[in-house]
Amino acid sequence: MSGLNEPPTSVPEPNSTSSSRRPPRPLLLLAVLACLLASIPLIYLLVRVGGSGLDDVVRVLGRPRVPRLLLNTVTLAAAVTASTVLLGVPTAFLLARARLRWRSLWVVLAALPLAVPSYLAAYGWLAAAPTLQGFWPSWFVLTLVSVPYVSLPVTAALRAGTSGLDDVARTLGRGPWRAFWLGTWPQVRPATLAGALLVCLYVLADFGGVALFRFPVLTTAIQQAYGASFNRNYAAILATVLVLLALLVVLGEQTARGRAQRQFGAVSGVATRRIVRLGRWSAPALLLLVAVPVLAVGVPVAELFVRLFEAETLRALDLANLGQALLNTLALSAGGAVIAVALALPIGALAARYRGRLVRSIESAGYLALGLPGIVVGLSLVFFSLSVVPALYQTAAVLAFAYGVLFMPKAIGAIRTSIGQVPTSLEDVARTLGYGRLQTWWLVTARLARPGIGAAALLVMVTAMKELPATLLLRPTGTDTLAVELWARTDVSAYGAAAPYAAALILVAAVPAFLLSGAGRARTDGTPA
Amino acid sequence: MHAPLLSARPRLRPAASRRRLVYGAGLVVAALALTGCSPAGTGPKASTEAIESDGKLTLYAGRDEALIAPLIEQFTEDTGIEVEARYGPSAELNALLLEEGEKTPAQVFLSQDAGALGSLANNDLVAKIPADLADSIPADYTSTDASWIGVTGRARVIAYDGKKFTEDEVPDTVDELTDAGWKGKVGFPPGNASFQSFVTAYRVLEGEMAAESWVKGISENAPVLTEKNGATLDLVDAGQLELALINHYYWYEKAAEVGADNMRAQLKFLPGDPGGIVNVSGAAILKQAAGDPDALAFIEYLVSEKGQQYFVDKTFEYPLLPGIDAPKGLPTLESLANTGFDLADLDSLEKTQELLAQYGLL
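Line by line, the protein sequences give chains L and R. If you're matching positions, the first sequence starts at 1 in UniProt numbering and goes up one per residue. If you're matching positions, the second sequence starts at 1 in UniProt numbering and goes up one per residue.
So that you can see chain R by itself, here it is in the shape it has in the complex (with noise of 0.2 Å):
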């Protein structure tokens, strides 16, 4: 269908893996069986027709190729099931898989944030996510559904300047950042969906007055607008902004790239505050692929240990498959604050939104 010069990358290893292939799908063949006899079919919808492996999967992968692309290859070296990935921003992407509704060729989506793929949900766009596998992730960190399912946390932390603060003098609660001293000194991406889930944590472990009071406060504490988290910890990390309000693997990625130790900017945890929750990353199989072995199988591997724990060397991710021990240094799951509450629920974000937006902050 391309023309030869504008062909896809090179496959890997197309003859080697065909009789992998033929294992894989065996397997998954086999594992469909299973689930087919389990009480999956509790959801709605949970469709489980036995579709054959065709040994290829189409993906739309919302997070950075650099960080994905290695663990597809080990996918494909396990399975034998061929990846096509299309790399995007996770907005991007969901706009277009939005746009494409069901005819989308996409069988699996990778998103970074709970907010994306819920939306797919609500727009029933989504096959539901056979209940054995929805259950391997503690509820806490998944769809309420299983429309979707939960794959990596990432903790809302405050960066800090190491140079001009210790970590104590750094507020330990989002609340204080209201306070005149901070006036000015702190930066965050509010139209980014971490920070928008943030907002809806606190409206939920807090209730609605003091979310609003929270973010008037902060609106009129001349807080830095940015467009990403990224670009947050850059402006932190050259000496430009005090606070910045982001996710903490950002620090480790830029950490990878500059060394640790030439990081001016740090990380302060926020355990027990609202300013301090877990967002997840998930996956959600397309609507069209419902039931398709490779789509499931892929899923499979996100939460298995070997992905997980892929996750945990290479991203410094929370893994939410119990068992697996988080990345050194990072205080645990448990003792960061969590709403209970589906983060990816649209009706609540567009409260949010509206919250966000009468403060001149949208």
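Looking at chain L on its own, in the form it has when it is part of the complex (with noise of 0.2 Å):
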């Protein structure tokens, strides 16, 4: 592995992550704060665990459809991550290095899926083809949602990396799909793993799409749980089942990540990129860059219109209260992804910057809540929110704060991918002219490390606004998000009624997810990672 991972070329390290400095005490702390709060969810399970005994959770455990419902969480969340990473690595190959026309297009594009929700999805082929259900449906519509998270973190390390080192390899007689593996692949792997892993954990935690398609896993045997056993330590055994499954795939991706994380983007000399043509490859390319936003976005979004324009849906419309449900699910994924910022902040530069057990353990615990079902989650924060700020119960700022909780996961890949490559050099640079250690950061690293901030930012937003089991637990009583309207309408089956909502909401979440995508800027480092 450290072959690999060692370039041909001797390279200075600039940013040698330095594992012999600890890290300083203020950032520990805040990160180990951080990680509490974000663990909130966590604590609220070992609380209802522990009030079962434990015959409780071996009667559980010991159902005959238990087995079952573990062997397809885990199929599903591994066939699903093994194609959004086949599918995600060449579309961000070619968006970052094959010459094509319209590039900006074709980045948009692949960004958009994004912005649908996986039960809109579900929805919407559920609407074209009625007879889906099962296993492959929901691989295929959680794919097609998922692809994003692994094209655009691997689009941004491909465009900060170089190609010089396969040229290298080339030199050396290697041909081109070996040089692209001893050359390329090290410096997208960090990329290609943290993606990854944001999908598996959100596979894990969907409900919406495999509930649509009635593939029976976990979530959804958590939420019949809380259904109609109202016995809520069976809901909380499942639930923990599941967040022992996270654990092993965050703890799977920090080994496979390894401990050499090279920053190649900054290493100067050989941060030349080539544009590869094409030729005939040209037609297969375009279909992958095509093929996947219009399988998941156009779809769905087509079965939708075709209902919104039916005369009854457009008199029934009611739109000031469309306009208010859009204006309350900006306000509150916006708060949220500040909150989810804030909180990953502290997490994302410890990782980026320092190595060691403790460092470790803060990181992965802050990702499990990702794995955590919505309604686990909503009500952790109900208790949490019952017990320590009273006077907050049901108003947006628990929401919000719900929302930083739920997808900080989200922002840390980013946080800590964009303030590794910041160098320290230029740290140690500022030190010694004098500024002070908070000084530094916030004028060096914080200042370059911005678009992946931003980017966090957005990520977490696109995500907030499509959320829906938290939400209906914890919104203020009367405070409707687009998610929660549509949730409302298409219970009574009024698909028609819900179509403008499900059509605002992927518009508005299509927003962030065109800036994601980095089309409008000219440097494109700041995508997620």
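Keep in mind that the hints were calculated from the coordinates and are not lab data. Every residue gets a Cβ at the ideal spot worked out from N, C-alpha and C, and that includes glycine. Incorrect hints may appear among the rest.
What the simulated footprint calls covered on chain R by chain L, stretch by stretch (three residues with Cβ under 8 Å from a Cβ of chain L suffice, anywhere in the stretch; the number is not a length) [as the list claims (entries may be wrong)]:
| no. | stretch |
| --- | --- |
| 1 | 60-70 |
| 2 | 75-88 |
| 3 | 94-100 |
| 4 | 224-232 |
| 5 | 348-360 |
Hints given; two lone chains; assemble the complex.
See the structure below:
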């Protein structure tokens, strides 16, 4: 492994992550605090599971259906993760390294599936082909909507990286694929893994998409347990199983990411990017670039528009209500993004600069909440806010905080990568010029890492807009988001009435997705990693 | 408390209702005084301490907003009491109420199914419904101890594909569904509360042995397992499933959306069969709202003639108040099997779930 990670040229290591240096105490404290806040759902689960006896746990786990649920969950998560990598990495390569006409358009299209909630994509496909059910449609739809989690960060890594090492490999007699494997792959591997991690956790926690295709997994069983058993411990035990799975995934990613995480982008001298002519590969390449967005966005949106323009729908549309829901969605998700970034900053900064068991544990704990279904996170925050800040209960503040906790993990990766790319030598220079630690951080590190931090905020925002289960539990009474309005309408099978809200949700979520694609910027090193 | 941007939707006519509010409050206080004199104190915890009406009510509504919002609007118009309603699926709201415990801002919980109300009662989170009000609903369709009150009834039915079968070809008892001929053709949501109370009813009416053999039989007959009643009906209506075990009113809801003539799915009622029992939706007053006149006024409204008629007209459910006619085309409530047993009884519900889990359905 280390052989692959050591480029054949003798490159100085500007960012040598200083395993020898100990993290400054204030940073460590902040990171631990953020980590504790993010762990509220886990602590809550422990309390709940602790409330049930050991025989309860044995009985629940001994149910004949549990092995099947577990198998389904693991298979789906593995399959979707694998396929998003297989689609996402080539997509990223095309976007970053191939000669393409209308590149910006393709970049935007590649980001668009982010705007589509899994339940909407599933609904659209079901409306088009009602016989879909079970594993394959679930795999298909979840893959479609998750590809950007891989393709965007990998595109960014490729753009920041160099093809110089491939050239070196070629001059040493390797074929083009082999050269890519030796030269470029090590540069994009961390971004690929980080994206795959997000996809995997997302699939573990997703409920909407799989429920519509009637594919039983742990999240559907958890929802069911809340739905009819009125035994919260049963749900908590299943959710704990899910957390353990998430933990395995997070640890797996950390191990795979390995110790040497070189930042080739900052290497001077070899930072050249050769643009590849596609030639006879043009057709399959275009097919790949077109297929994912069309299947993920086009089909559900077309299905919605058919219903949107049915006369009755438009007549019944309450524009003021739609506008209010839109504003609520924007304000709440923006609040959530700010909180998520605030929580993720110390953790990301710590993980970018320091190593060690403590740092690793903090980072993994930060990720775990993403593997939990929204209903569990929602209930944990009901419990928490009522006991700690009862005055804020059922206010926008707690809901935004919930978004922050739920989606902070999505911000960690982007922040870690962007801070990691700031050469420590620059910080050292600032320090020798007499800047204090905070000043240096603010004037040098934060400034240079700003695009990545912004991307992290956008990613959280786009996800928070689509969130439903925690929103239902925590929103201020009477405050509706687009997702809530959508739910209220699809539940009475009033699909026609739901269409405007679905369309509004996709449209508004497309804005951060567009910004995330970086198509509007000249430099695009800010896409999430 | 909320930022203005996020504030609740505009309240319904605040100024105009001020005067009505006073009248309404007066009426309610009078009603309360009456109930205080009547033998309401028979229950162990009948609390009727006179809290003054503040003209406001916080409601957790576990039913569809489109169906309930007009009723609430009417209530506010009639009584002047403002209602702040929080909508959500019954199960989620139930989980929320259990988590909130006595700190809940809710005063009344309107639930899709009795089990959720039973679990609140079990956790000592509800106030007793005053006896005269509780007694207005026949004992078979409400709680046994006035911890909640039945509001509407929904019959369990078989929805069938009208293009493939005539009504006569559809079984009139769920027992036939375990026959090999229906293998892979029957769908139901095993996690759904109303399905589970049907299984409970089966156990009560036919005995544990028979119930277990039915559950075993159906689980071995390749059933199509779904998440929700509505989605199960959609499958039948799309021609992808032959039979579905659901509640009757889902068909009417869908028919209202797409037009009854466009419905491929048809309903078969099962009079006398455990598969055709009546489930109830209901409402409870939360413990910390005990004696709150606004909460009481809302419960009264739900089971008043006007409230009951609303459900008949809009949701096609069975009214539970004697003297109100069921929606046209439905068999009478009396013709459908009834267990004479509290379907919200949680210990019994737990047994049902164990049974379903044992055969891999949960």
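Are at least 3 residues of the stretch 348-360 of chain R within less than 8 Å of chain L when you compare beta carbons? holds (count 7)
Between the stretch 60-70 of chain R and chain L, see if three or more residues pass the 8 Å beta-carbon test, and mark the coverage as holds or violated. Holds, because 4 residues of the stretch 60-70 of chain R bring their Cβ atoms closer than 8 Å to Cβ atoms of chain L.
Closer than 8 Å, Cβ to Cβ, for at least three residues: run that test on the stretch 75-88 of chain R against chain L and report holds or violated. Per the Cβ count (5), the hint holds.
Within 8 Å of chain L's CB atoms, at least three CB atoms from the stretch 94-100 of chain R: coverage verdict: holds (count 6)
Does the stretch 224-232 of chain R contain three or more residues whose Cβ lies closer than 8 Å to a Cβ of chain L? The restraint on the stretch 224-232 of chain R holds, since 6 of its residues have a Cβ under 8 Å from chain L and three suffice.
The structure fails none of the hints (numbered hints given earlier).
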